[in-house]
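Chains A and B, in that order, are what the protein sequence lines are.
So the first sequence is residues 1 to 336, counted in UniProt numbering.
So the second sequence is residues 1 to 105, counted in UniProt numbering.
Watch out, some of these pointers could steer you wrong.
DSBU-like mimics (lysine-lysine), calculated; alpha carbons at most 35 angstroms apart, straight line [stated by the list, open to error]:
| id | chain 1 | residue 1 | chain 2 | residue 2 |
| --- | --- | --- | --- | --- |
| 1 | A | 295 | B | 31 |
| 2 | A | 253 | B | 31 |
| 3 | A | 212 | B | 100 |
| 4 | A | 127 | B | 31 |
| 5 | B | 100 | A | 297 |
| 6 | B | 100 | A | 127 |
| 7 | A | 154 | A | 197 |
| 8 | A | 295 | B | 100 |
| 9 | A | 212 | B | 31 |
| 10 | A | 51 | B | 100 |
| 11 | A | 102 | B | 100 |
| 12 | B | 31 | A | 154 |
Okay, the calculated bits of chain A under chain B, using three or more residues with CB under 8 angstroms as the criterion [as the list claims (entries may be wrong)]:
| id | stretch |
| --- | --- |
| 13 | 40–49 |
| 14 | 119–129 |
| 15 | 152–162 |
| 16 | 174–188 |
Since the hints were derived computationally from the structure, they do not count as laboratory data.
Cβ coordinates follow ideal geometry from the N, Cα and C atoms, glycine included.
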Amino acid sequence: MEQITTDICIIGAGPVGLFAVFEAGLLKMRCHLIDVLPQVGGQLSEIYPHKPIYDIPGYPDITAQQLIDNLMLQIAPFNPTFSLGERVETLNRREDGSYDIKTDDGTSVHCQVVVIAGGLGCFEPRKPEIDRLADFEGKGVAYMVKNPEHFRGKKVVLAGGGDSALDWAVFLSNVAERVTLVHRGDTFRGAPDSAGKVFDLAKEGKIDLILKSNVVALTGDDSLQEITLLDRNNQVSHIEADHLIPLFGLSPKLGPIAEWGLNIDRSAIAVNTVDYSTNIERIYAIGDINTYPGKLKLILCGFHEAALMAQSAFKYVFPEQKLSFKYTTVYGVSAF
Amino acid sequence: MINLTIIDRDGGRMPVEIPEGINLSLMEVLKASEYEILATCGGMALCATCHVQVIEGPEQYFTPTDAELDVLDTLPYVEPSSRLACQIRITEDMDGMVFKLMGGD
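Excised from the complex, chain A in its bound form:
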């Protein structure tokens, strides 16, 4: 259980959340970032790292991942701290107005200001329709491989046809007692290398490859024991399994933030464009997750919102001080 104290807790480590660290840092405010993904960068790193972006001022073109790498360099002087791979669950207001935020991993962050830079929401695994799937979550069903050792000596079934299903099938074939890969199709369109390896391992008998089939039901007492498959000819079969890992990509959801009493308009948080504050004091929303008349979902608009947010948040972090605006060209960037 990690206990963190900071000035600003930023939910979402995409480009706008990262740049908010810079704008806060110029005003001597420290930041902690929480993101549900295991790496920083949000959708830029998760979905389109190699795509060029053409509308970042000063960069005729830059790939999404380069932009994230540059932002990480730019904010390094301000020493931000991160909780990655964790989902924000609860928000509690203290009597003095500050907040405690808790994640699903038990991390607790005490902060003066909360900035929601959550993009489209938190990326959650797509869940296939499988009978009793939810009953076995945490009891054999997992949607990502956090620690491969967890599967050592076990019977593991992977479902999916994308790169992550292929890569984990190859990797876990050396760890698990038995790896079965179930795929709806009969070919793989993922990286040809990984697909080739999977077919080779299947020939050598190191992976069981079950094509043109779907997982349809799960059975077991306290934990997962057996998986029911249905093939294209409606033939039913069963395999023994300790674990099922469905890997069907990620889809964004607003998540627990929806329960915090914020004004939400069609999955976006309504803000005041004076400072991008929400209806709740000390909570701001910037980037793709907010909405206001004329809103454009552009990275550069999110950067602007981060700057105005920081100027406004200052009064909560340093209530005794008067804010004076300073240009970096005159004062530089003082690290802390």
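Using the hints, position chain B against chain A.
Relative to the frame of chain A, chain B by itself:
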């Protein structure tokens, strides 16, 4: 005008009227028409959140492109006529087509 019919995830059928020559994708039209479509990646055929099924229309619209197949392959359920709406440019020959919204996740 190009007239399309959209079957939403609850099975309701709604007409959508699109002016000719607007140079948008079906995903962008659906978003503008306030359908629940996330279009996370903004139209790069990368996220599959604009998954639709072609129900009626000219034959060439029933076949996804390679870029679409790459992404559709990662989904738990698809139909043979599954497409990504972001990869369908609105053109006049689409008049009268019927699409069904897929994957509410």
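Against the structure, the hints:
At roughly 15 angstroms between alpha-carbon atoms, residue 295 of chain A and residue 31 of chain B fall within 35 angstroms of each other, so this suggested pair holds. In summary, the hint linking residue 253 of chain A to residue 31 of chain B is supported, as the alpha carbons are separated by about 17 angstroms, within the 35 angstroms threshold. Simply put, residue 212 of chain A and residue 100 of chain B have alpha-carbon atoms about 24 angstroms apart, close enough for the 35 angstroms limit, and the pair holds. Distance check on the hinted pair: residue 127 of chain A and residue 31 of chain B sit about 24 angstroms apart at the alpha-carbon level, within 35 angstroms; holds.
A C-alpha spacing of about 27 angstroms is found between residue 100 of chain B and residue 297 of chain A, which places the hinted pair at or below 35 angstroms, so the restraint holds. Pair hint residue 100 of chain B plus residue 127 of chain A holds up; C-alpha atoms about 20 angstroms apart against a cutoff of 35 angstroms. Distance check on the hinted pair: residue 154 of chain A and residue 197 of chain A sit about 21 angstroms apart at the alpha-carbon level, within 35 angstroms; holds. At most 35 angstroms may separate the alpha-carbon atoms for a hinted pair to count; residue 295 of chain A and residue 100 of chain B meet this at roughly 29 angstroms.
Annotation: proposed proximity of residue 212 of chain A to residue 31 of chain B holds, straight-line Cα distance about 33 angstroms (limit 35 angstroms). Between residue 51 of chain A and residue 100 of chain B, the direct Cα distance comes to roughly 29 angstroms. Compliance with the 35 angstroms bound is thereby established for this hinted pair. A C-alpha spacing of about 40 angstroms is found between residue 102 of chain A and residue 100 of chain B, which places the hinted pair above 35 angstroms, so the restraint is violated. Restraint check: the Cα-Cα separation between residue 31 of chain B and residue 154 of chain A comes to about 45 angstroms, which exceeds 35 angstroms; the hinted pair is violated.
Counting residues of the stretch 40–49 of chain A whose beta carbon lies closer than 8 angstroms to any beta carbon of chain B gives 3, which reaches the threshold of three, so the coverage claim holds. Counting residues of the stretch 119–129 of chain A whose CB lies closer than 8 angstroms to any CB of chain B gives 5, so the stated coverage by that chain holds, three being the minimum. Three residues within the 8 angstroms Cβ limit are the bar, and the stretch 152–162 of chain A against chain B gives 4, so the coverage statement holds. Three residues within the 8 angstroms Cβ limit are the bar, and the stretch 174–188 of chain A against chain B gives 3, so the coverage statement holds.
Of the numbered hints listed earlier, those contradicted by the structure are 11 and 12.
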